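> Given the coordinates of chain A, work out where chain B should sit on it, guided by the hints.
Same order as they appear, the protein sequences are chains A and B.
For the first sequence, position 65 (counting from the first letter as 1) is numbered 65 according to UniProt numbering, and the numbering increases by one without interruption.
For the second sequence, position 19 (counting from the first letter as 1) is numbered 19 according to UniProt numbering, and the numbering increases by one without interruption.
In short, the hints are calculated from the structure, not lab data.
None of these values were measured; they are calculated from a predicted model.
The beta-carbon is built from N, C-alpha and C at its ideal position, and this holds for glycine as well.
Hints may contain errors.
Cβ pair distances, simulated, as ranges [as the list claims (entries may be wrong)]:
1. A:106 to B:137: 43 to 49 Å
2. B:114 to A:179: 18 to 24 Å
3. A:187 to B:47: 27 to 33 Å
4. B:30 to A:187: 42 to 48 Å
5. B:82 to A:51: 54 to 60 Å
6. B:87 to A:225: 31 to 37 Å
7. A:159 to B:87: 18 to 24 Å
Distance condition first, Cα-Cα at most 30 Å in a straight line; then the derived DSS-like pairs of lysine-lysine [what the hints assert, rightly or not]:
8. B:181 to A:250
9. B:158 to B:181
10. A:250 to A:161
11. A:265 to B:8
12. B:158 to B:98
13. A:179 to B:137
14. A:161 to B:98
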Amino acid sequence: MTGVYVQLSYIDLAIASVLLLLAGGLSVAMNLGLEKSLGVAALRTTVQLTLIGLVLKMLFEMVSPLWTGLAALAMILLAGREVTARQSIKLRGGWSYSIATSALLTAGGIVTILALTTAVRPEPWYDPRFALPLLGMMLGNTLTGISVGMERLSATLKREKDAIEARLVLGHARRDAVKPYVREAMRAGLIPIINAMSAAGLISLPGMMTGQILAGVDPTEAVKYQILIMFLLAGTTSLGALMAVLATAKRLGDERDRLRLDRLKETPR
Amino acid sequence: MLSVRNLKRLSIGPVDLDVAAHDIVALCGPSGVGKSLLLRAIADLDPNEGTLSLLGESRESMSAPDWRRQVMYVPAHTGWWADTVEPHFAGLSLALVKDTLHRLGLESTALGWQVSNLSTGERQRLALARALAYAPKVLLLDEPTSGLDADNATRVEKLVGEVAAGGVAVLFVTHDMAQAKRLSTRRLDMTSGQLVEGTP
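The following block holds chain A by itself, in its conformation from the complex (with noise of 0.2 Å):
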C-alpha cells in the first residue's frame, strides 16, 4: 500500500444525506411525488448494507469454511431468482430458476474456487474476506448473461417456430434446426461483458478499481487485480452462459425431436 486510508465517519455519513434532503425538495418542487419512494430506498439502502456489514464482519473474523459456504450458497440462490425475476419469458415449473441456479453453481464455482487457489491465493484458500467478494463479482455478471442467453433463445425459438418446423417435418434433427438459435443466444448473453472489457479504463473504472484505489492501494496493482477480475469473469460468464442455453435448448425440445413451446409461458415484466 502507497496511499492512505481515509477513514469516515457518521458525521460524513449524515453530511452526505443531506443531498438526500435536496433530491427530496426537488420532488417536492416539481411535483414528482417520489419523496416517500427516496425516503424507504434510502432507508433500506443503509438498513441491508448496515446489515450486511455486520454478517460480513462475522463471517470474516470466524473464517469457516461451513459458514463461508453457507453464505456462498445464499448469494447463489438468491442470483438464480434475480436471474428468472428478469425474464418475461421462461419455462414453466420452475425449470428457468433450476437452470439458472445449477449454471450458476457450476460456472461461478469452478472459477472462483480456481482463482482462490491458483491467483488470490489466501491463507486458508476459503477465507471468506476473499471468497465472498469474489464469488459475488462472478455471479453479478454471470446472471445477466445467463438470464439474456436464456431469455434470447426462448424467445426466438418461439418467434421462429415455423422455419425450426419446416426443418423438423424434413426429417433435420432438432439439434441441427435449433443450432442457429442457440449461437444467436449465446451471442447475446456474451456482448455485455466483451463490452464491458473493451470500455474498462476508457470510459468506465471498474468499481472494484475504484474501491482499491479509494482504500490506498496502488494503481497499477489496483489494475492488476481488476484484469484478473475480467478474465475470470469472461470466463464465468460464458460458462454459465453456455450451460443455461444449451439446457434450455434441451428442455424446449423432447426425445422425439420436437419443439416444446407448451413448457413456455410468458410474463409481463
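Only chain B this time, still in chain A's reference frame:
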C-alpha cells in the same frame, strides 16, 4: 402402408385410419375441428399417443427424423430458415427438384429467389417440391391448393395424382368438396375430434 390405431392427443381422438399405397384420402370437416392437429400428431410433431406404423414398422422403432422423412407433413403455411430459396434444398438432387418445379409451373431460376419476395402460392408450391425431393412414402398435405389460382391448383392436383400412382400414400386436408371428389379415392370426415368414413 400407413396404419394409425387409437391415436389420441389433446382434443382429438381416438382416431383409427389406414392409408394404402396409391390411395389418396381426402380429410374434410369444418375449420377448427382438428384436421391440421391430426396431421401434426401423425407426423409426431406434438405429444400424442397411439399405435402408428409404416409398412408394418412401428413409429417408435425408428427415430423421429426417420419417421418424418418417410411420413412427410406439408403444412398450409410453412416456414423458411434462409434468405434465398436454394439453401432450403441443400443436399437434395437439384435435377429432380427442377423437374418438380417445372411441373408445378415454376422456373428453375426460382431457386435463386429471395424468400421474402415469394407470393403465398409460390411458397406453397416450393414447399411441396421441397417435401417431394425427400421421396417420402406417405404425404400429409394440409390444404395444398388453398393459396393457388385455378391453373396452378390443377398442376398440384395432377402432380399429387402422379405421385400416388407411383406408390405414395396421400392424406390431404381440403375445404373444397369438388376437389375432394376430383382428386381422392376415399373421403374421411372429421367432427369434434373423431373421424367418420365420408359418403362419396
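> It remains to establish, for every hint, whether it holds in the given structure.
Each hint tested on the structure:
| no. | hint | verdict |
| --- | --- | --- |
| 1 | A:106 to B:137: 43 to 49 Å | holds, 45 Å |
| 2 | B:114 to A:179: 18 to 24 Å | holds, 23 Å |
| 3 | A:187 to B:47: 27 to 33 Å | holds, 31 Å |
| 4 | B:30 to A:187: 42 to 48 Å | holds, 46 Å |
| 5 | B:82 to A:51: 54 to 60 Å | holds, 55 Å |
| 6 | B:87 to A:225: 31 to 37 Å | violated, 49 Å |
| 7 | A:159 to B:87: 18 to 24 Å | holds, 19 Å |
| 8 | B:181 to A:250 | violated, 45 Å |
| 9 | B:158 to B:181 | holds, 14 Å |
| 10 | A:250 to A:161 | holds, 15 Å |
| 11 | A:265 to B:8 | holds, 24 Å |
| 12 | B:158 to B:98 | holds, 17 Å |
| 13 | A:179 to B:137 | holds, 28 Å |
| 14 | A:161 to B:98 | holds, 28 Å |
Hint compliance for this structure: hints 6, 8 are not met, and every other hint is.
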